[in-house]
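K.L.:
Protein sequence lines correspond, in order, to chains A and B. Each residue of the first sequence is one higher than the one before, starting from 0 at the first, in numbering that gives the first Met the number 0. Each residue of the second sequence is one higher than the one before, starting from 0 at the first, in numbering that gives the first Met the number 0.
Since the hints were made in silico from the structure, they are not lab data. Don't take each hint at face value.
To be verified - Quick list of simulated restraints, FRET-style, between CB atoms:
no., chain 1, residue 1, chain 2, residue 2, range
1, A, 259, B, 43, 19 to 27 Å
2, B, 71, A, 293, 48 to 56 Å
3, A, 267, B, 43, 30 to 38 Å
4, A, 98, B, 344, 45 to 53 Å
All values reported here derive from a predicted model rather than from experimental measurement. Where is the CB? At the ideal position from N, CA and C, for every residue including glycine.
Number of protein chains: 2
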Amino acid sequence: MTATTTAIWGVGTSAFGKQTSVGGPRLAWQATVEALDDAGLSAPDIDAVFAGTVFGDPGTVTRCLQQIGIAEVPVITIENACASGTSAFHEARMAVETGRFERVLAFGIETMTAHFDGAINPIASDPDGAQGFAMPSIYGMSATRYQHEFGVTPEQMALVAVKNRRHAVDNPRAQHRKTVTVEQVLGSRTVADPITLFQCCSIADAAAAAIIGPLGGSRDPNQETAIRSSELRSGRLWDHTAGKVWGWDIVAETAARAYEAAGLGADDIDVFEVHDAFTIGEIITTEALGLCELGGGGRLVESGHTGQGGPQPVNPSGGLLSRGHPLGATGLAQIAEIVWQLRGMAGERQVPGARLGAVETMGGGTAGIDGNACVVTVLERVGAGG
Amino acid sequence: MTATTTAIWGVGTSAFGKQTSVGGPRLAWQATVEALDDAGLSAPDIDAVFAGTVFGDPGTVTRCLQQIGIAEVPVITIENACASGTSAFHEARMAVETGRFERVLAFGIETMTAHFDGAINPIASDPDGAQGFAMPSIYGMSATRYQHEFGVTPEQMALVAVKNRRHAVDNPRAQHRKTVTVEQVLGSRTVADPITLFQCCSIADAAAAAIIGPLGGSRDPNQETAIRSSELRSGRLWDHTAGKVWGWDIVAETAARAYEAAGLGADDIDVFEVHDAFTIGEIITTEALGLCELGGGGRLVESGHTGQGGPQPVNPSGGLLSRGHPLGATGLAQIAEIVWQLRGMAGERQVPGARLGAVETMGGGTAGIDGNACVVTVLERVGAGG
Numbered sequence: 000m001t002a003t004t005t006a007i008w009g010v011g012t013s014a015f016g017k018q019t020s021v022g023g024p025r026l027a028w029q030a031t032v033e034a035l036d037d038a039g040l041s042a043p044d045i046d047a048v049f050a051g052t053v054f055g056d057p058g059t060v061t062r063c064l065q066q067i068g069i070a071e072v073p074v075i076t077i078e079n080a081c082a083s084g085t086s087a088f089h090e091a092r093m094a095v096e097t098g099r100f101e102r103v104l105a106f107g108i109e110t111m112t113a114h115f116d117g118a119i120n121p122i123a124s125d126p127d128g129a130q131g132f133a134m135p136s137i138y139g140m141s142a143t144r145y146q147h148e149f150g151v152t153p154e155q156m157a158l159v160a161v162k163n164r165r166h167a168v169d170n171p172r173a174q175h176r177k178t179v180t181v182e183q184v185l186g187s188r189t190v191a192d193p194i195t196l197f198q199c200c201s202i203a204d205a206a207a208a209a210i211i212g213p214l215g216g217s218r219d220p221n222q223e224t225a226i227r228s229s230e231l232r233s234g235r236l237w238d239h240t241a242g243k244v245w246g247w248d249i250v251a252e253t254a255a256r257a258y259e260a261a262g263l264g265a266d267d268i269d270v271f272e273v274h275d276a277f278t279i280g281e282i283i284t285t286e287a288l289g290l291c292e293l294g295g296g297g298r299l300v301e302s303g304h305t306g307q308g309g310p311q312p313v314n315p316s317g318g319l320l321s322r323g324h325p326l327g328a329t330g331l332a333q334i335a336e337i338v339w340q341l342r343g344m345a346g347e348r349q350v351p352g353a354r355l356g357a358v359e360t361m362g363g364g365t366a367g368i369d370g371n372a373c374v375v376t377v378l379e380r381v382g383a384g385g
Numbered sequence: 000m001t002a003t004t005t006a007i008w009g010v011g012t013s014a015f016g017k018q019t020s021v022g023g024p025r026l027a028w029q030a031t032v033e034a035l036d037d038a039g040l041s042a043p044d045i046d047a048v049f050a051g052t053v054f055g056d057p058g059t060v061t062r063c064l065q066q067i068g069i070a071e072v073p074v075i076t077i078e079n080a081c082a083s084g085t086s087a088f089h090e091a092r093m094a095v096e097t098g099r100f101e102r103v104l105a106f107g108i109e110t111m112t113a114h115f116d117g118a119i120n121p122i123a124s125d126p127d128g129a130q131g132f133a134m135p136s137i138y139g140m141s142a143t144r145y146q147h148e149f150g151v152t153p154e155q156m157a158l159v160a161v162k163n164r165r166h167a168v169d170n171p172r173a174q175h176r177k178t179v180t181v182e183q184v185l186g187s188r189t190v191a192d193p194i195t196l197f198q199c200c201s202i203a204d205a206a207a208a209a210i211i212g213p214l215g216g217s218r219d220p221n222q223e224t225a226i227r228s229s230e231l232r233s234g235r236l237w238d239h240t241a242g243k244v245w246g247w248d249i250v251a252e253t254a255a256r257a258y259e260a261a262g263l264g265a266d267d268i269d270v271f272e273v274h275d276a277f278t279i280g281e282i283i284t285t286e287a288l289g290l291c292e293l294g295g296g297g298r299l300v301e302s303g304h305t306g307q308g309g310p311q312p313v314n315p316s317g318g319l320l321s322r323g324h325p326l327g328a329t330g331l332a333q334i335a336e337i338v339w340q341l342r343g344m345a346g347e348r349q350v351p352g353a354r355l356g357a358v359e360t361m362g363g364g365t366a367g368i369d370g371n372a373c374v375v376t377v378l379e380r381v382g383a384g385g
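Isolated chain A (complex conformation):
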């Protein structure tokens, strides 16, 4: 649809994990200064900011930015649930694509551990969440349906966690870096049957950032990552009368548009970061992204296709299951991982020769049925890469 005219000039993240005492401003500083350095820019070079946060109080973002020295420019703070970070990325990219701004910071932050340890539990305050209809239950129901419809086994589900934890051993910024076995995953306590504890992502504190500008416009164009396409859709996640579960249709539709806009197909993508908030989520998402047929996601992970060394690694960072899921920061951490992979900077977790990568994030409401946003982005290496 649109020509490739925008690029990621630089990325950065804080560490991910329980960092209650570090605080938002310092996490923001870590992520943003790394991204600015990576892009060869300093704070006053930024023309506008699109930021993602879900639980941040009003003022969270501007307070962080002004300590970095980014002030007096437009700041748009976006809350699109789990897809807040990639929604901010999408809007930042569109702002450059349409000529509104030249050097835009896409930024995401969430400091969750302080809030959720205390009296405030935003999900419990939601009328549906208070009835137990929260995220783990929704994924639990999806998993039950998938086991019934397609014969997905508990072991196949557990393999997603095993794979992603294995990947995270090589990701020094991930929250959980110890490997787990299928037996350990299935033996951990049940959260929402058949989802066990090690099949759930954890809350965390972190920030992540990306600088977006015109393709070829940065100080070192060979270090840019081209944005081949970015699509954002909202809509119903689950039609109870249809066979497909949570998110399948909206991910498939968003991905189809992103592939079309980029002029390629799923087979062309070398590496993916996807929204594995729960193990069944990655299984469903790999199907909807076109890596295999409907119902084939369990066999896909079992085959090794999506593991390191396989033809299309999924979540080489360890995914949400290992990195943790600080909502506003997650999407931009996914973007950062793919940028590092395409530039050959991913160290021990490098996917050899990766040239094309894709990021998928799904933002559901606390009520689970109505999707805030699904974002799919296709990125391409510009320079020689790794």
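Starting from the known structure of chain A, arrange chain B on it as the hints suggest.
P.N.:
What follows is chain B alone, placed relative to chain A:
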């Protein structure tokens, strides 16, 4: 800067007030269906949604929209504090201006009375707010400084409330429609000295909406309202080392850009809706908008310049002080009021012959120092008007 190529095709709001039992979805339905009817559109005509809410849980907006029949389109939910509604309006307008979408819904919602009556107080949960550095204190300090610097009197401050309450007698959707006297305003209990209760806006439940599309593209172009300009800035609201208080500079800078983009000055504007969250706020804002000199805002309201019948009425709706301040809905209610004024639909509160109108909204963080956004929009009558 940009040519006038976008217009407001229709607007709508719910009533404003304590409507705890009505609930967000029904308020959203009232506002959005009115805006759609006004634009001659139905729900499936909408291409994208930019929504504003501050305290809404994730999923609040998509749940509202899907009950109206707006689904499967991109939804971007923006939290820019008190300016969330006009930030959504600004982004919606830019999305049309840059050709991303053709028929965009700008939507704002806040249901506050249920939350603030209960255990959750988001401002108290903020570290600065918990220390008492919340909005009333900030405006109280601003007022004290203004009394010292410029001799603004308690009576002049009270006159803002007297004027806006008088205006709201003719606004059937306002929360507070009884007139008050200077004595009553100054005699109401002190909230943050010298700010008394009747000088504070109240929390409320409401939704508001506007449909934005290309200028001349709607079914009845004579009923469109041209968007002459819209500017959004973020940045520091208060420099303690400078003489100017809370928000002056950012409002002045944003307004100057909006006037320049529209090719006009403050004197050309016939009617304003401004962010009178507290009485001193309107005094400062009228100065920063260029209606009078620095420090002259007290004398301005005293002169009757900004009252109904004066040359430049400010807040003919009654403003936040009368309408109530459901954060996400406020900015779009301000937009709706100016649209009604320019189209001659404001009934008993009509400003005769209004051709040009402006809206200003200020979004501060709970910590008060770092501004989330100031938005200033200039609108113009297209058809014969009232």
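K.L.:
Compare the structure with each hint and give your call.
P.N.:
Tested hints:
no. : hint                     : result
1   : A:259 - B:43: 19 to 27 Å : holds (22 Å)
2   : B:71 - A:293: 48 to 56 Å : violated (20 Å)
3   : A:267 - B:43: 30 to 38 Å : holds (34 Å)
4   : A:98 - B:344: 45 to 53 Å : violated (36 Å)
Checked against the numbered hints given earlier, this structure breaks hints 2, 4; the rest are met.
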